[in-house]
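Each chain is listed here by its residues.
Protein chains: 2
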Amino acid sequence: MKDLTITLHPHSGKHLYEQIYLHIKNEIRKGKLLQGERLPSTRYLAEFLQVSRSTVELAYEQLLSEGYIEARPYRGYFVCPAEELYDFGEEGCQAGMDNRAKIDDMPSDADIWKAGEGEGKPAFQYDFSPNTIDMSAFPYATWKKITKNILVDANSEIFASGSPKGDYILRETIAHYLHISRGVNCRPEQIIIGAGNDYLLMLLEKILGRHVKIAMENPTYRRAYRIFDSFAYRISPIAMDRSGMSAKGLRASEADVAYVMPSHQYPTGIVMPIGRRMELLKWAGEKDGRYLIEDDYDSEFRFRGKPVPSLQASDRLGKVIYIGTFSKSIAPAIRIGYMVLPLPLLRIYEEKCSFYSTTVSRIDQRILNEFIGKGHFERHLNRMRKIYREKQDELLDGLKGMEKFFAVSGENAGLHILLQDKRGRSEEELTDAAAKAGVRVYGLSEFCVGEIAPQWKADTVILGYASLNKEQIREGAKRLRSVWA
Amino acid sequence: MKDLTITLHPHSGKHLYEQIYLHIKNEIRKGKLLQGERLPSTRYLAEFLQVSRSTVELAYEQLLSEGYIEARPYRGYFVCPAEELYDFGEEGCQAGMDNRAKIDDMPSDADIWKAGEGEGKPAFQYDFSPNTIDMSAFPYATWKKITKNILVDANSEIFASGSPKGDYILRETIAHYLHISRGVNCRPEQIIIGAGNDYLLMLLEKILGRHVKIAMENPTYRRAYRIFDSFAYRISPIAMDRSGMSAKGLRASEADVAYVMPSHQYPTGIVMPIGRRMELLKWAGEKDGRYLIEDDYDSEFRFRGKPVPSLQASDRLGKVIYIGTFSKSIAPAIRIGYMVLPLPLLRIYEEKCSFYSTTVSRIDQRILNEFIGKGHFERHLNRMRKIYREKQDELLDGLKGMEKFFAVSGENAGLHILLQDKRGRSEEELTDAAAKAGVRVYGLSEFCVGEIAPQWKADTVILGYASLNKEQIREGAKRLRSVWA
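Sequence lines, in order, name chains E and L. Numbered according to our numbering, the first sequence spans residues 1 to 485. Numbered according to our numbering, the second sequence spans residues 1001 to 1485.
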């Protein structure tokens, strides 16, 4: 084992763990750390580098998950044989695994992650991803304090299994929050708390049944599309017009259920006007078994104009399934989302699904309940609204002068804007030019399902700004101006 | 609002929150607290009674969930109108809920809980439920300390979204634990971490597909039965013989998948001998698409005899799906279970399901990883094994002299024993007689699916002892002796 002399740059903007991870990865790639070589223990390296042990653990974890190093029980971490990188190794393979021969072509976790991230991580210096959030202003101290207080008070009750729907006290808090902030009308009894929206949609599949024909806005949130697709739902993409999902298109589709984002459609940013809302509600009301799934994924971040109430607020017939999450407004790791069921579906839930155990620990529920109930959530949202608004201003400012080439939209809410080219350049030309300048922007067609609707010609790019800091936004915008002008 | 003078008995064996809850419930029932009356705030009552605020909150939460009181935003807690107990109230119903008229026949959460618990809570003083665990010896202090340390070290990484399968570092820890303790052969890549077994089975449904014909032991774990039933799987109950699921019965059933508990069948306690294991593995190996689901739910608690390795340990062909949980061994509220997929199914998971977000928060994963990795889990298991063993000894001791009337089995492992009547009394006679003495025991037929197998005549009762203390076990056994002798 040799010492790892790593020069850390605390103010480089890169996390310390990332610097350690990159350093070791490069040492391995350059052959300076040889296969089979033992790495220092996390404790030793942490002391040596004067960083917290969890920082080193994170770096090692990343190296492990990418297959650069392997852990051997009781012995430590070792550099993987180079030819086995990104592959299941022979060495370290548990004894008795006789299907070993078959696993050569299995993807490793690292491959899967890369695949999930798109095209193998090209070197973008500025990534305007619309799918991130800013965690730098998260009130870690408050969260830690609440956790600590709850554990101090905790007795065995909090470690016992809770209600399948989630603790009543948290459902009550959420019902109250949704009522005052989104106009949602519901009793705590109608709320199901679950570990993320993917899980809640799986539960909804059990409630709605298998043979659902679902209409989705086009373009839409592709993650939801993949989930419905995995349910083998028959999916009808319905072209968006400037008011949202076309009611005519919906009628023509013969769908039973429509998945919509009326308060701030993703990715178009369109707010569905009341007239269209009424049309959709009317459609749902005409037949038993018709429902609207309202995904209110980021309504917390509205910067301009009057607050837009939820579609559920206008629902008189119990036709709206309202879904929300704390992943965007608090943190992705907080695996807590919620679903408000209209009464006919609540009845089915009680009959068919109420025995499924809750997927959220009671401790986490209690922490979240305190965080909301004591006003921290509201303060956090206000702070984030200001931060995101300032970032957006920075971006719009940085793009000043581009108005003659682009129509800007989506700036009233959410964490991204859209630029539609006025000179007929395709999104491919735009993203390619940006890529050459080290900037990643996203073509609208990436969000489309099937044929792109004619209203949404492939001339629009999307720029998210949540996870970039102001300097990065300014520099990214500058580069875009220089290649797009 | 009036003061609530509640005399608390710290050493009564009843939780303080429970005493508060019972007191208020009785005051409401007796009409001493009238409908519409405001309860003291949790803060006030906590100070008044000199207990922690969370104790009062728990009591109120229980009253809320049972419909005795209601919360009005910004105003406090009020006694519900009596006629509305166990029903959705009119008062307090959010404005705009026009489907109000329809909800009268909706069950409230309280009803649902009661339904879940069986026959409306008869007053059993001693409940020998086989479905509980003892939380009194849980190392709360250690858990709190780990949580605190992790949060102190935590940076934004831990709040970011993690791998869909769960953090690699925890999967590695679990792989290592399963290898040394259960002989399970797997790579961390084969492990999927999820928020409880119900969720993991839902995920497995996505992997195995919809049209599965599943064989289950009879009697079996009814919760799993309900879950498979909710998937609309075709379920074939296969009679248990003294070696476990009959291989002949399995063959005759034409099932694709068999759900078994080979190390300690629930509820019979039977350990599947190696011969039968080989027969089942052979069956699975004969055809593509055949699998065995091994639910290794409580193998941690083996008191006598050699450790029984997992079925997965003998699997050479990649036919066993191994499922385990920390709900029984750590705490029900720790919503973390795991599933080890054989490679053909891992491949399908990667293709079809790997985009589902993880259902467990990274913080919780990190806490569990520390708890296992630092040896606390092992120490906890050793402590619990001793405690459970002593409780079982107490029960067997208390039943001494009954051997002439009953054949005792299931005492080598797990948290319950079985008593089979030698004089031909039915389980109904036995449970009824026990009930009259204030003792609840469970008839084996409650665990049967469809027709009870002839080997398992309705002459057997089950006694769990995990959550009772020794005095309760002794007194309960004494009463059983007096009514059963």
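Check each hint, because a few of them may be wrong.
Said to hold, decoys possible - Over the 12 Å line for every Cβ pair with chain L, so calculated as not near, a few chain E residues: (1) L34; (2) S161; (3) K206; (4) I336; (5) A407.
As the list claims (entries may be wrong) - What the simulated footprint calls covered on chain L by chain E, stretch by stretch (three residues with Cβ under 8 Å from a Cβ of chain E suffice, anywhere in the stretch; the number is not a length): (6) 1252-1265; (7) 1342-1356; (8) 1412-1425.
The set of hints was computed from the structure by calculation and includes no laboratory data. For glycine and all other residues, C-beta sits at the position ideal for the given N, C-alpha and C.
Against the structure, the hints:
1. The claim that L34(E) is not at the interface with chain L holds, since no C-beta of that chain comes within 12 Å of its own (minimum 23 Å).
2. The Cβ of S161(E) does not lie farther than 12 Å from every Cβ of chain L; its closest approach is about 4 Å, which violates its non-interface assignment.
3. A Cβ of chain L approaches the Cβ of K206(E) within 12 Å, the least distance being about 6 Å, so the stated non-interface status is violated.
4. For I336(E), the non-interface assignment is contradicted: its Cβ lies about 8 Å from the closest Cβ of chain L, within the 12 Å cut-off.
5. No beta-carbon of chain L is positioned within 12 Å of the beta-carbon of A407(E); the least distance is around 33 Å.
6. As drawn, the stretch 1252-1265 of chain L meets chain E at 0 residues by the rule of a beta-carbon pair under 8 Å; below three, the given contact is violated.
7. For the stretch 1342-1356 of chain L, the proposed coverage by chain E is satisfied: 10 residues have a C-beta within less than 8 Å of a C-beta in that chain, meeting the threshold of three.
8. Residue count for the stretch 1412-1425 of chain L with a Cβ under 8 Å from a Cβ of chain E: 0. That is fewer than the three needed, and the coverage hint is violated.
The structure fails to meet hints 2, 3, 4, 6 and 8 from the earlier list, while all remaining hints are met.
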